Amino acid sequence: MKRVAILGASSQIAKDLILSFAREGNTEVLLYVRDTAAAQRWLATNQLDFPVAAYAGYGQAPHDAVLNFVGVGDPQRAAQMGGAIFGVTQEFDDLALRELQRHPERRYIFLSSGAAYNSGFEQPAGPHTKAVININALKPQDYYAVAKLHAECKHRALPDLHITDLRVFNYFSRTQDLGARFFITDLLRAVRDDTVLQTSAGSMVRDYLHPQDFHQLVSCVLRAPAGNRAIDCYSAAPVEKLELLAAMAQRFGLRYEVGAASVVNATGAKPHYYSLNRQAAELGYHPAYSSIDGISAESAIILGRDNTTR
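Note that the working numbering has the sequence shown beginning at 1, numbered continuously upward.
No wet-lab data here; the hints were simulated from the structure.
Hints should not be assumed to be uniformly reliable.
Stated by the list, open to error - The list that follows gives simulated cross-link-like pairs (lysine to any residue, SDA-like), each with its CA atoms no further than 20 Å apart:
(1) K241 x G304
(2) K2 x E28
(3) K154 x K241
(4) K270 x K154
(5) K270 x H162
(6) K270 x L149
(7) K241 x R229
(8) K139 x E122
Here the structure is a predicted model, which means the values were calculated and not measured.
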């Protein structure tokens, strides 16, 4: 049985992965968090019994791999943090790297973001897409992207260490906090509250990763030959905004009006925020869910219209 340490184990995507590991049954998970009492309560609620420790305890227990989920998952919070995102990202990346250098046989998976491209995403990311930084006119919405890019550059500068940066573009599951400011949560709040969603006329394409596919991808990385690389995450197919609105209206009764609407773009507007890069397929990754299928399945559970249990 492999042992995996998770930094930032209280984040939504980390919790979903922990539940997936538990269902699979062949991974022991070590949780590292700020609030250990809250983590213990969450484990008890889910009838799990994994070790929990504060960040200061990281490095004391042996493990085969470390996953770093420390960061910001809400664009509104990212906007509020401003430049503090640099210190947070570097602190915990350095924590993982120090221990990795002491144990070079260990795997390190860093949760990066598609935002690391810092591209306008007029087209989806591809093999030749370049990260673009307007160094003479940096804006607050650049900070998150540059923090991730900086971490990735550090990792590539350590080619002998086994580091994989997973660039997540969008992720959605039944555990999503509906108070977060994402387009998908705006849709779900409108359905839940029976209100009319106000949305802008502009088109956008997004790729939403399902938790089962994220677990599959992480497992592929852990099984694959060791390496130092960055991998773009993807579902079986992205979804365009009007297609998503129509599907949510048909299945869940979403009501919406297209016009001028205020949108939180803490990391900048991105018309085609997804990737065509398929390096993950070389590791054996084959996503089971398209964006629309994953959103429909998880939304049904959130809205209580499905008898499937978590």
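Hints versus structure:
1. K241 x G304: With a Cα-Cα distance of about 23 Å, the restraint between K241 and G304 is violated, given a limit of 20 Å.
2. K2 x E28: holds (6 Å)
3. K154 x K241: violated (35 Å)
4. K270 x K154: It is violated: about 26 Å lies between the C-alpha atoms, which goes past 20 Å.
5. K270 x H162: violated (31 Å)
6. K270 x L149: holds (17 Å)
7. K241 x R229: Measuring from Cα to Cα gives roughly 31 Å; hence the hint is violated.
8. K139 x E122: holds (19 Å)
Comparing the model with each numbered hint stated earlier shows that hints 1, 3, 4, 5 and 7 do not hold.
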